[in-house]
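Chains as they are written, first to last, in the numbering used here: chain A, 273 to 439; chain B, 36 to 208; chain C, -2 to 867.
Read the hints as simulated data drawn from the structure, not as lab findings. Check the hints yourself; a few may be wrong.
[What the hints assert, rightly or not] Below, simulated DSS-like cross-link-like pairs (lysine-lysine); rule was C-alpha separation at most 25 Å, straight line:
(1) 861/C / 191/B
(2) 130/B / 147/C
(3) 280/A / 293/A
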Amino acid sequence: MSLLERRKEDIERHLAKYPQKQSAVMPLLYIAQEEYGYITEEAMEEIASIVDTDVTQVRGIVGFYTMYYSQEKGKYLIQICTDLPCALRGAEAFSAKVCEALGIQPGETTDDGLFTVENVMCIGACDRAPVIQVNFKFYENMDMDSFNDLIEALRREHDAMQPYSHE
Amino acid sequence: MIKEAFGKGVAILEGLGTVFKHVFEKPVTVQFPEEFKPFAERFKGRHELKRYENGLEKCIGCALCAAACPADAIWVEAEENTDEERYSPGERYAKTYEINMLRCIFCGYCEDACPTEAIVLEKHYELSFTDRRDAIYTKEMLLVPPPEGQEDTPRKVEPGSFDRSIPVMEDPK
Amino acid sequence: MADTVKITIDDIEHEVPAGMNLIDAAKLCGVDIPVFCYHPKLGHDGNCRMCLVELGLPRKNRETGEMELAWFPKLETACTQKTCEGMAIRTTTERVTDARRAVLEFLLSSHPLDCPICDKGGECPLQNLTMAHGPGTSRMYWEDRMHLGKHVALGELIFLDQERCIHCARCIRFQEKIALDPVLGFDMRGRKQQIVTSSTPGFNSIFSGNTTDICPVGALTTADFRFNARPWEMVQVATICSHCPVGCNMSFDTRTDRLAGGRTTIRRVMPRQNEAVNEIWICDKGRFARHYMEHEERLTTPLVRKGGMLVEATWEEAIREVAAQLKAAGPNIGAVAGGRLSNEDLYALQKLIRGQGSGDLSAYLPNATGGEIAARFGVGVGTNLKYLGAGDAIVVVASDLHEEAPIWWLRAAAAARRGAELIVISGRETRLDVEASQSIRCAYGAEVATLNAMLGSLPKTAVKAGESLDGMAEAIVHAKEFTADAALKAAAKTIAGAGNAVIFVGSEGLTGEASRELAQASANLLAATGHVGRANNGLIIVWPSANGQGAADMGFDPGFGPGYQPVDKPGRSYGDIFAALADDVIKVLVIAGADPVYDDLTAEESIRKTKGFIVVQEMFLTETAKLADVVLPVQSAAECEGTYTSGERRVQRFYPAVEPLGESLPAWLITQRIGEVLGQGAPSVSAAVLLAEIGRNVPQYAGITCQTLAKVEEQFPDVGGEDLYYGGTSFQNVRGLGVQWPTLAEQVDAPLSVAPAQAGEVLEPADGEMIVVPVTLVYDTEALFFKTQLLHQRVPLPHIGLNPADAGRLDMVDGDLVSLTIDDHRVAAAAYLDERVPSGVVTIPRRLQTQGAPLFATTAPVVKLEKVEA
């Protein structure tokens, strides 16, 4: 099922917003990411044809912006802020421990496909550093204890087969 | 008169003295080609195309030697290495490498120009030809044999084992 | 010249055009500001930071109220500045040189030191600018260099070396702004940034080779030139492209090679600057399709048919045989000449045939005619499509310029982007329609009616300019019989109101007669609105081959002698020549540089049927040559010298680059040797002497000699030469810009007249039939082109274009076998569903089907072939 078939209404809403179709590339990419969890090759090709441009340009946009994912990522995307305030509060060491605990490197996904860890720039919650985001939801004043609890909770959530959401 | 004759006799003796002195000196003649004179440290003789210790050719066919040559004596034509037929570790090797020894003035500029130290002017200087064509030394004549126990080029290698465009060189500080 | 302003460069005052890019302005003043990302044809991008200068602008002092020069506190990029009054820059201060050194150190931080094997090494802007401005040492850690892909194929033609790339985006900008194929882009960012392409096939653009010229490093290189030679080893020989009527100036870079047995060989083809023709670009066909010249299948000795077989013969034998046959046939002879022959070849051939009393001369392909109309109403001397822009109009009628003449497509599209009105009139949608301000669809065969209707719709005031012309009144009265809808009226009004107007007259689907009428209709429209007889105005015929204009000029037109001089008795047209051959009325037919048996459905039949004698002058044993009685091996354009006349009537000279292959001879010499036996006089000493003879006998070519063709003048922007960093490695033109000969309309008191253009019949397909239109593709299986292995992947498979609606009616899907029956010939190929093909029409690419294609639009039953299960 193509993206246009799945999300026709949203796509048309975005296309209508701009004087030029090409301007709608970024919102359409978000729709694709919502639908597939990451931006697939086919999605890039389809978006290119929807906005009438070459797929190379769509790929360039996906590559340029770090919040577009062209690789499949885990069910839970853990983004650890390692920018200055968080780093001063030990975020780098925390990130290393998280990776050790999950047995992966930053940017990698666990074998069970559940967790992807990423080091990111400031996410705007410096007063509660170190801070992480899990699927864009904030978890503040993190340490390894609270992190382990969080992981446990997420695993339980997954085991309970909660419907997957990006909201 | 007598004095004059005496003077001549002395001169003859002086001359003979020089002759006899040399009889007892070590001769300077060398019995070439059985014997060689020692070479100067920086003697420039016939060129050789060198190999790495693993037997691959150093020459990458860049033709900078030909560009540097003031006598226009060198001719290089390059080809691309493949994993099926690998001559040198980089992407490119010399398919044709020729030096016209009649034109060469043994200045060593080619040696200076060579980025991989492939061409070296060695000590060999016995160059004689009966035909102008024979003066053109081809790559087969210039290339040194592979070191003991190493396979000759071209070789078949594992795909992906050579991925650099030129052999990795040391930090050129 | 436009307004000028005074600017100060390094304390010296200069006067330069106002609003000019500062880099260009400095260049005009002889001051080099080093650049990587800026290119005079691409404009600024400001990403390389190499052009940093100290910049001062005049500012009003608030206290005293006087103007004073205020220097910017930081260095500014010169490429993002435009000249204005009082501007001052300093390019040699320590701050500037420090900045340049720093930029170079940064660019080189991860640049591999593989210059010795880099194809760009020796003509590399990065090398040159590093030598001039760069640091002698690096402070970077050697181990920190990035190791990236070295030989990344962006398609089979162009390779990317990711380590060498400095991310100047010249290639990306070229593809977006000039080639209009945005198939290159950046992926990722920061140190991970890379050039990528996602098109299928990779780097899908017919202008891809140009990116390697403007690449300021060795990041983009062509597969054709990979490790082929070092730039300094080669000798540049000026030449003219022989693939299409644009007449791009090119350079054959040659080297004498051991591997080629001591022969001089062409190592690469490079564009040569001619701002009026191709600027600094060439298409990939011109660049890569050169391998036929050195192909092993080239004919090297004459072949004579003996006992049913073509056997090798001596020149003497072959020429004697041909001469004897010609003598015996008397005036019952004819000639068909392909448009890649030079003017000299064509002149000699027509002289031979006319000398024997025959006027049966046809150019090949015979679709495009109307050379005499171009001689009267063609574009004026000094025409340069580069100068067309806002307020001007370009009309393209019955032509797919992208496929037929890529550089004209590129320049017409560029003019449209500068604001020129681009009107496309054709039977189907082509790539140019995307850029067009007005797309007019007309039925195949209704092109003349369309142009007539446009002329007829114009009010009296709009056609004032042409009123006094002989025949204009009749032409307008005739044109009024055609009705114009609102779109046509608007288009006509656009042309009438345009400052300059150029019409590209194509011949898609048209017969020779129809294309002549189309040229006439275009001329009427232009003459009526005053768009003739001056530069940047007039018509350009899109000939199907490189020297179509030259062939018409030399008299390969049944109605005219050389130089469009009247003939006593008109000769036969192309179709009639083959009909007469089949009926044995024509007893000897000379086919030179053409392969009708392969391209034309019906020619083979005539040749097989005739008892007549067929002489073929060719480079290869083509399908036509296989049926010939004598095959005479000719030299390629790289081996002999001669001249081509481009569609813009620019006579341009090409020079011999390599030694002739085998015993092959220049075509004109072969013809003249035959003429010598027939008592027509001794052959010319050289092509140059023959050109002088053309100058004496063809009025338009009077005064055109090898000397005038070799004249050059300074061009701006200057590229090549010492200025590699500035404009890329396209070559400076030092061997001649050519001469555009003037039209009659430009001459005072010339006998100029127009005539009503007769509209042909629109094809009416019967039940179960459709209109079949032969179309031209840029990459096809033509004998010469297909010898280049490198481009095979780009040649489409044989197919027949079909509208999806028609396909639905015929119960067909993409790829089904479709069969047409044209005059008892069956043509079958896979259906290619294309919405741009109008309903009721099928398109057949010319020179792609092994069964051949019709020469002109026709009607034929179209059926679906049931797939035969294997």
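(request) Measure nothing beyond the straight line between the CA atoms of residue 130/B and residue 147/C; if it is 25 Å or shorter, mark the hint as holding. (result) holds (21 Å)
(request) Given the hint that residue 280/A pairs with residue 293/A, test it: the Cα-Cα distance must not exceed 25 Å. (result) OK: residue 280/A and residue 293/A at ~15 Å, within 25 Å.
(request) Take a quick look at whether residue 861/C and residue 191/B sit within 25 Å of each other, Cα to Cα. (result) Violated: residue 861/C and residue 191/B sit about 51 Å apart, past 25 Å.
The structure does not agree with numbered hint 1 stated previously, though it agrees with all others.
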